[in-house]
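Engineer: These are the residues of each chain, in order.
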Amino acid sequence: MRGSRVLSATFGYLGLTVAALFFLLPLLWIVVTSLKTPEQLFQYPPRWWPEHPTLENYTYLFSKMPFIRYSFNSLKVAGLSTIGSVVSCSLAAYAFARLRFAGRTALFYVLLATLMIPYQVTMIPVFILMRSLGWVDTYYPLIVPWFFGGAFGTFLLRQFFLTIPTELDDAAKIDGCSAFGIYRRIYLPLAGPALTALAIFVFMFQWNDLLTPVIYLSDPDKFTLTLGLAFFKGTVVTRWNLIMAGAVISAVPILIIYLAAQRYFVQGVALTGLKG
Amino acid sequence: MQRAGPHASSVAGRRRLRETLEGQAFLLPTIFGLALFWLGPVVASVLISFTDWGNGQHVSWLGLANYRALYTSPLFWKVFANTWYYTLVSVPAGMLLSLGLALLANQKLRGIGLFRAIYFFPSIISMTAVALMWSFLFNPDLGFINYVIRRVFHVPGPEWVNSIQWAMPALIFVGVWKWAGYNMVIFLAGLQSLDRSLQEAAAMDGANSWQRFRHVTWPGLTPTTLFVLVIMLIGSFQVFEQTYVMTEGGPAYATLTMSYYIYLDAFQYFHMGQAAALAYVLFAVVCIVTALQFALQRRWVFYQ
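Residue numbers (my numbering), protein chains in the order written: chain A, 1 to 276; chain B, 1 to 304.
Calculated from the structure, these hints are not laboratory results.
Where a beta carbon is used, it is the ideal one built from N, C-alpha and C, also for glycine.
No false leads were slipped in.
Cβ-Cβ distance ranges computed for the label pairs, FRET-style:
hint, chain 1, residue 1, chain 2, residue 2, range
1, A, 219, B, 77, 36 to 44 Å
2, B, 197, A, 110, 37 to 45 Å
3, A, 128, B, 63, 19 to 27 Å
4, B, 59, A, 134, 17 to 25 Å
5, B, 59, A, 63, 46 to 54 Å
6, B, 287, A, 66, 41 to 49 Å
7, A, 22, B, 291, 34 to 42 Å
8, A, 174, B, 193, 35 to 43 Å
Modelling step: build the complete structure from the supplied sequences, incorporating the hints.
Structural biologist: Quick look at the structure:
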């Protein structure tokens, strides 16, 4: 019995390690490439570790290329979108979870149905709308829609709000607390983990998004990091060491958030996935 | 406590009215957003698809001409086939990989959290960065993949994104590699919600691990599988970043899928009307496929 358990653990770790290498080796190769000089890049056979690793690709991107500006632009877009989404989705989620009113179920289903609409269907009329407002080549089209709710975030928070016992509301109502007061003083403080999960999701989505910035932004000074990176590839075609350094720069902030708040990522996926 | 009496109904009525007004106040941003960014555009998109909308000047009504033009265009059918190629390979491959990862990561072993974190990591980096990384890894001359192929098989590797035959497999691989860990987490949540006593009972009755998976784990996991299948299908019809970064639809339209074609048509060539028609065809495909999933679920999804 004991011998078979050791055997199965050995096979378990073997499988886990092979799978881990499948994801890690490409990433490691990228990091190594970003530390190479152009000469080392063209060396054959390629080396796993350059003789003289250098940070010059990174310093080049920060000093000669506008990567600091790109990062700041991305931070602004992702940060404001996150605030908008958390506020508007939590309001809607509270109403769907706890208030009783005509048309609640129907409206909730309409909202969920939007998850099925491909972005390609709405992007053309929304672009025409944004253009008529004079918002092309500004950040408004990237940020403003997030202040108007959204199916994913509302669903995620509603699932969480439903787990909060209603006795708390009843006690607050007896004390004369309004619906907004209950939302503000009971639900928001208790929903910390779910709000964090949503905030992380929206921030990450916006930090990583390419399509909307591609459609709306044309002034290179306004580029987000993701758009700057994609644009940059076209300008320095074969300088892979630089491009890889750019890719690493764009991934590092997300990696830091991930390491600091890993359980919220997993909770967010599980909270929306389980009840699907 | 509510008192019975003549007042009760009017009090209840007032309360219902107040709750409705409150509900609508809380939902004001959502209702506004639905109208402005979802339902309005879905309707507007149909109307635009019946016109020759370009830059917004001199719009004229074309009726179904845009749809007819698609139907008779060989490029449209090529793009349609490419879209299905991407979906029909990437979805099954992604399902198998993420389910396999979930089974691996569901073992009770020390350090399992670290392995889960590694598998999940690619799904949080931007597809742009991932596609750039793989553009380099798939580079025919300098790339790691062809280096390994040369070393192991002693043959030159394919031209990957420059090759009509291999560009699409490369894009598919990148999509599967990036999202496997994300879907693994959903499968993992499904696995952990299963009733463990069933597993133990099956083991007691002498079922081997394949039999336990096939007859106990898999039936319990089918609702999760349906969910993953639906989100993967919808996602696979909307590929954009890989194409934009790695191939721009080429070579010779080999990787041009509907979602990318819509982008090109609308925002590079400013054929908004034509692009809207194409978007509606995509929408119809997504709706039919999703409806089919829910219709077929009775045959294979097992609810406890």
